[in-house]
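So the protein lines, in turn, are chains A and B.
Straight run, no breaks: the first sequence in our numbering ends on number 347.
Straight run, no breaks: the second sequence in our numbering ends on number 325.
Quick caveat, the hints were computed from the structure, so don't treat them as lab data.
There could be a bad hint or two in this list.
Simulated crosslink set (DMTMM-like; lysine to aspartate or glutamate; CA at most 20 Å straight-line) [what the hints assert, rightly or not]:
id : chain 1 : residue 1 : chain 2 : residue 2
1  : A       : LYS313    : B       : GLU155
2  : B       : LYS109    : B       : GLU155
3  : B       : LYS238    : B       : ASP302
4  : A       : LYS166    : B       : GLU259
5  : B       : LYS215    : B       : GLU163
6  : A       : LYS313    : B       : GLU199
7  : A       : LYS164    : B       : GLU259
One side only, chain B facing chain A, incomplete, derived with CB under 7 Å [stated by the list, open to error]:
id : residue
8  : TYR73
9  : ASN77
10 : ASN86
11 : ALA88
12 : GLN181
13 : LYS184
14 : LYS203
15 : GLU205
16 : ASP250
Keep in mind it's a predicted model, so treat the numbers as computed, not measured.
For each residue, glycine too, the CB sits at the ideal point set by N, CA and C.
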Amino acid sequence: MAATQILTQRDRLASSSARVALLLLRGRALIVLVLLVLAFSALTPLFFTANNLAILSKHVALSAILAIGMTFTILTEGIDLSVGSVAGLSGIVAGYVITNGHRGTVAAIFAAIAVALVVGLLNGFLIVRAGVAPFIATLGTLYMARGAALLSSSGRTFPNLASKSKAFAVIGQGSLLHVPIPVCLMLLLYAVAAFIASRTPLGRHIYAVGGNERAARLAGIEVSRVKVITYLASAFCAALVGIIIASQLDAAHPATGESFELNAIAAVVLGGTSLSGGRGSITGSLLGAFVIGVLADGLVMLGISEFWQIAIKGAVIVAAVAIDQFQVRLQARLLPFLLRSNPEAGA
Amino acid sequence: MRRAARTLACLAVSAVTILSFGCRREDYSRPLAFIIVPSQDNPFFKAEADAAASRAQALGYRVRVEAHDDDAYRQDNLIDSAIAQNAAILLLDNAGADSSISAVRRATKAGVPVFLIDRAIEADGIARAQIIADNAQGAAGVAKIFVQSMNGEGEYAELLGRESDTNAQIRTRGFHSILDQEPKLKMVAAQSANWSQSEAFQKTETILQSHPHLKGIIAGNDTMALGAAAAANGAGRKDLMIVGFDGSPDAVAAIQRGELKGTALQPAVLIARLAVDEADRYLRTGSTGKLERQIIPCDLVDASNAGEFRNFEYIPSAANVVATH
């Protein structure tokens with residue numbers, strides 16, 4: 001036993017360089033983000049301006065808000081594919097309430113969120129009670145929510161919402177101290193979500209459920225309740241996104257939000273959250289969303305064709321997951337070194 | 001176990017309820033008109049399908065409307081289903097000029113005459129009729145409206161449709177057949193927004209950042225034009241000249257408000273009715289009385305005549321007067 005405590009010079013070197021490597025790997029989303037911003041700033045002088053950064057953050061806000069709920073569901077080893085459709089449905093509900101219901105903005109927002117929460121509850125019910133795999137359950141609700149949006153609008157758009165309810169335009173188009181409202185909402189939600197994830201029992205339970213569901217159940221955690229909450233959170237985020245888009249476009253279109261779930265998942269994965277649950281962070285997803293957003297907007301500013309944009313986005317996602325796997329393996333291999341040089345790390 | 005059974009029972013009951021609401025009783029003695037369009041969530045295809053359906057019903061047909069979602073495989077299955085149900089006529093807005101040929105041939109061989117609307121296929125002599133809107137002429141017309149509102153000079157951006165789509169290519173070629181002749185017009189950005197309103201909104205915001213002197217945007221459809229208009233509005237650039245394509249009711253209303261400068265109406269409603277009439281004549285007389293390929297010109301919409309368009313249909317004011325009195 002005592003022999004393993006003795007550190008050779010080589011061990012010390014290996015452990016310190018390993019720690020540097022791990023640090024770099026863990027901060028990769030931030031590093032990639034900084035590099036991208038530097039590159040685009042160098043390529044076009046109009047990129048790093050207050051105005052453009054505000055608009056860019058506004059674009060990022062949509063997938064970033066979806067990514068919050070997505071992170072929670074993925075942390076429990078689930079996934080929520082229905083978010084894009086739920087966003088579309090919420091927008092339509094808001095548009096319907098304003099146009100046909102002749103109600104104001106507040107009623108529209110409440111109705112949109114309520115409908116989204118029903119879908120979230122259905123997701124939770126299907127997964128927890130009916131035992132349907134999250135991927136399948138939310139794939140089903142993806143189509144159901146899209147169908148509901150089309151049925152309730154007969155395929156039409158609800159246009160000119162702002163002329164019927166003035167305040168509605170503020171959500172997507174207004175700004176607070178030069179910060180667009182969607183960005184304010186995004187920051188607020190991330191603060192709340194990060195607090196929940198790291199400082200509350202619920203947050204610890206979410207990680208525990210994803211890490212080892214059986215162990216979590218044996219430890220007395222109400223696994224079902226935790227899972228349902230994550231799907232409700234995801235639906236809530238989707239509703240906000242739907243409302244923001246409807247407000248920005250001043251119109252609710254039933255096809256809104258198609259394939260948004262993929263951007264949200266990409267942001268979560270880029271942020272270092274493991275698809276097998278239990279490992280990851282909320283702030284990572286925010287960075288991931290920014291990486292995707294900066295890439296998308298920067299390439300548009302440079303005038304690069306859509307085909308390249310799609311291909312580059314795909315390559316970045318694949319690279320992120322590959323690096324994630326590399327990090328896991330490196331961590332496992334270096335664990336003995338890390339434990340030896342820093343005995344508390346293993347405690 | 002009991003719980004699972006209860007869940008299943010609930011699901012079964014709700015499924016039956018939904019289905020009984022969804023289905024209408026049909027009179028099976030009437031001939032079936034089978035209508036397949038790309039999607040029913042797009043107002044354009046919906047207007048097209050509705051026009052065909054109501055005309056067919058008026059002529060005494062039983063009607064079924066389906067959507068293939070631009071998926072040739074799904075279209076194949078739908079056409080099989082039309083054959084199996086012994087459809088008298090098949091109206092098809094197809095899923096691809098090449099990939100639809102075999103399905104159309106199969107239907108024709110099975111004795112179901114096919115009438116193609118809105119989009120043609122790359123083969124002659126199989127379908128009874130191919131009635132399409134003149135996208136090239138419409139795009140050139142929109143480009144002329146655009147040049148006029150730009151005063152023939154300045155920077156502009158183009159928002160393209162899904163780049164793999166034939167119509168996106170025909171329209172951009174039509175645009176540039178006019179725009180490229182204007183030496184003082186300069187295209188500073190060309191981006192695909194995949195026919196989508198929210199994507200057009202974001203791309204326009206970004207393009208406006210990199211090109212603050214932008215004066216106009218020409219979009220491959222109305223949905224993208226409306227997204228661009230929302231972005232221009234948000235950026236305090238209501239002076240931006242924006243044109244679209246399709247002639248959707250939302251775009252026509254936006255033209256009346258001055259947010260868009262023009263669009264081209266694809267006469268979807270007219271084409272759908274023509275196709276049903278020709279199909280009916282074919283069933284009664286054995287001939288449509290027309291050539292197979294028929295190209296219907298698009299109607300151009302600008303502020304001067306926007307009041308004469310209703311849900312993808314051009315009703316010139318003279319006819320309006322007659323109709324109201």
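Comparing the hints with the structure gives:
no.: 1; hint: LYS313(A) with GLU155(B); result: violated (29 Å)
no.: 2; hint: LYS109(B) with GLU155(B); result: violated (53 Å)
no.: 3; hint: LYS238(B) with ASP302(B); result: holds (17 Å)
no.: 4; hint: LYS166(A) with GLU259(B); result: holds (18 Å)
no.: 5; hint: LYS215(B) with GLU163(B); result: violated (24 Å)
no.: 6; hint: LYS313(A) with GLU199(B); result: holds (16 Å)
no.: 7; hint: LYS164(A) with GLU259(B); result: holds (18 Å)
no.: 8; hint: TYR73; result: violated (17 Å)
no.: 9; hint: ASN77; result: violated (17 Å)
no.: 10; hint: ASN86; result: violated (28 Å)
no.: 11; hint: ALA88; result: violated (26 Å)
no.: 12; hint: GLN181; result: violated (23 Å)
no.: 13; hint: LYS184; result: violated (20 Å)
no.: 14; hint: LYS203; result: holds (6 Å)
no.: 15; hint: GLU205; result: holds (5 Å)
no.: 16; hint: ASP250; result: holds (5 Å)
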